[in-house]
Every structure is written in C-alpha cells, then in structure tokens.
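Read top to bottom, the protein sequences are chains A and B.
So the first sequence is numbered by the numbering used here: it starts at 5 and just counts up by one.
So the second sequence is numbered by the numbering used here: it starts at 5 and just counts up by one.
Think of the hints as simulated: they come from the structure by calculation, not from any bench.
Among these hints, one or two may not hold up.
Stated by the list, open to error - Some but not every residue of chain B turned toward chain A, in silico, with C-beta under 7 Å: (1) LYS16; (2) SER20; (3) ASN27; (4) ILE39; (5) GLY53; (6) PRO116; (7) ALA117; (8) TYR135; (9) ILE146; (10) GLN151; (11) VAL154.
For glycine and all other residues, C-beta sits at the position ideal for the given N, C-alpha and C.
Each chain, letter by letter, is given below.
There are 2 protein chains.
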Amino acid sequence: METTMTAENRTKTFISPEDLLNNYLGHRGLTRRTIEAFPEEQFFSYSIGGMRPFAEMVMELLGIAAPGLKQIATGETPEFKEHFDHQNSKELILKLWDESTEEIKKYWSQIPANGWDQPISLFGQWEFPVYSQICYFLDNEIHHRGQAYVYLRSLGIEPPAFYER
Amino acid sequence: METTMTAENRTKTFISPEDLLNNYLGHRGLTRRTIEAFPEEQFFSYSIGGMRPFAEMVMELLGIAAPGLKQIATGETPEFKEHFDHQNSKELILKLWDESTEEIKKYWSQIPANGWDQPISLFGQWEFPVYSQICYFLDNEIHHRGQAYVYLRSLGIEPPAFYER
Chain A
5 METTMTAENR
15 TKTFISPEDL
25 LNNYLGHRGL
35 TRRTIEAFPE
45 EQFFSYSIGG
55 MRPFAEMVME
65 LLGIAAPGLK
75 QIATGETPEF
85 KEHFDHQNSK
95 ELILKLWDES
105 TEEIKKYWSQ
115 IPANGWDQPI
125 SLFGQWEFPV
135 YSQICYFLDN
145 EIHHRGQAYV
155 YLRSLGIEPP
165 AFYER
Chain B
5 METTMTAENR
15 TKTFISPEDL
25 LNNYLGHRGL
35 TRRTIEAFPE
45 EQFFSYSIGG
55 MRPFAEMVME
65 LLGIAAPGLK
75 QIATGETPEF
85 KEHFDHQNSK
95 ELILKLWDES
105 TEEIKKYWSQ
115 IPANGWDQPI
125 SLFGQWEFPV
135 YSQICYFLDN
145 EIHHRGQAYV
155 YLRSLGIEPP
165 AFYER
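Just chain A, same shape as in the assembly:
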C-alpha cells in the first residue's frame, strides 16, 4: 500500500464493472481452452515438483469464484469447498466450469454500483473490499493457468495463445 487513498479518489474509474467482467470472461474462456488442451489422464494426474495436478487447481478455482460472487451478491456466506465430484472426467469439469461462468455473470449483474468498494469477509474468513476479492479470483486463475502452461509444455503440448481471449 504505497499511495494514499481518499474517498474522492475511490470514486474515480480505472475500469468499469462491465469492462472488468468482459476481461474476466475472456480469461475464463482461455482457462477453459487450457483445460481442453490437456490429455484426460494428465489433467488429473500430471505434476511437476510435487505441485497439484491442474484438475485440483481448477477445483480450487471452481470453489472460489462463483461461490464468492454469490456471497457478494446475496450476503449468504457459503462454506469454502475445493473438491467436486468429477469422476476423473474432463467433460464433467468443463461442465462445472461453464455452469460456474453462468453463475458469475448472473451474480455480477446483481451487485449494486456502490457495492464494489464494500468490505466483505469472504467465506467468513478473508476480509477485504469486494473489488480486491474479485481481483484475487482473477489473479489466482491466471497464476494457476500459467502453471498449467508449464505442465503442457513439458508434455510436449502447445498451450492456447495467452493473448487470445
């Protein structure tokens, strides 16, 4: 935290909620293509340096973003959960991914214009303003997807182009 905040500064716009949502949806599409690029078996099992397989990282993402936005929009605090019944099926994970994207769009539209700056204790555990929570959802997705790119490269598979959204 190196610059000084004032109430006035906070009302200035770097990016609008609509533009941020579009940026976010572009990233979700890229992450979907990254999941698709994995061979089914390696998606659930391949690991480097003792890290989690990409499927487990994706379940973490599924557990955070849509449930988090539901809490932000409705005020109901969900339990944090990062395991889903996937039956080692990439198709099932992709279905959960698409449902999650639809939920994000739905709850996003329910957040009021003055809601982005409000503090919230996400999952009853992490207290930050809403915009900061959502930046974390996105940053965390990019972070783990970057790791998946290394997994893919080391499997001899070309990842989807990073700049295509």
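Chain A is already provided as a structure; the job is to place chain B on it using the hints.
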C-alpha cells in the same frame, strides 16, 4: 465480449486508479521476491519444456510495463525492446526492476482521470483502451510468475506466498 457497453456504464467504477496501482505494486513486490528466490545460475538458465528461463520472461516484463506507461502518460511511442544488458547478474535485474517500479508510479500519477478509457496503439502495434493495456501488463506478469513458481518447485525451492503482497 459478452455484455453490452454503454457510455454510462463505462463511468461506473469497479476499481479506482489508486486502488489498481496498489494492487499492481503488491504484485510487483511479489515478482521481485520470486526473482530473489532463484539461485543466480538457474535464474538465467533453468527451463522446462523448452520455455524461456525466468530471466528472459522478466526482461519481457521490463520491456512492456514502464515503457508502455511512459507512452500512455506522454504520448511518445517507444520501440518495443525485451533485451537488457544484465551481465548474468540477478542484482542488476533487480535494480532494473526497482527502477521500472519507480517509473510506473511516476507515469501513473500523470495519467488524467479520463485517460483510462482512451484507445491507444501501444508501441505502435497493439490498439486497445488504456485500461485494457494495463490489465494486460499485470495479467502477463502474473502468468509468467506462475510459471516461475513451477521452475522453483521443480528445483526444490519454496516460492514466496502468493497471497502476500
């Protein structure tokens, strides 16, 4: 692009320029600690799956963010450059990193309140609104740093905590 933009929507605030800068500076601190975590030799040479060593990714980041913000603030189009004289010295790269952070802060403060939404052809090559260019700087840094985490883990080194900024 899945939602509809209007001029009115664009004036609504998801995040202010000051809050986004603080988020960005938090990420730059984390990337700095990630550079520091590498042994000097591996920083310049270690690779998985034919990817670039982290030093080369960091030079790409050095070539984009501060020069890009300089163009956004001053209107002068720089040449895109992603190689810097580093003499295989991590200390020299960290010095360039810190100078780059100071430039980002300086040029950020020169961007007018209505400047974030303006289209710009960055390096004379990529035309997008300013907010979108800056999101790309940040997303690209997170993406490559995530890859560096895999390099570190595969070298048996614990990366810095992702959530600490």
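Exercise for review: Would you pick out the hints that fail for this structure and give their numbers low to high?
Suggested key: 4 and 6
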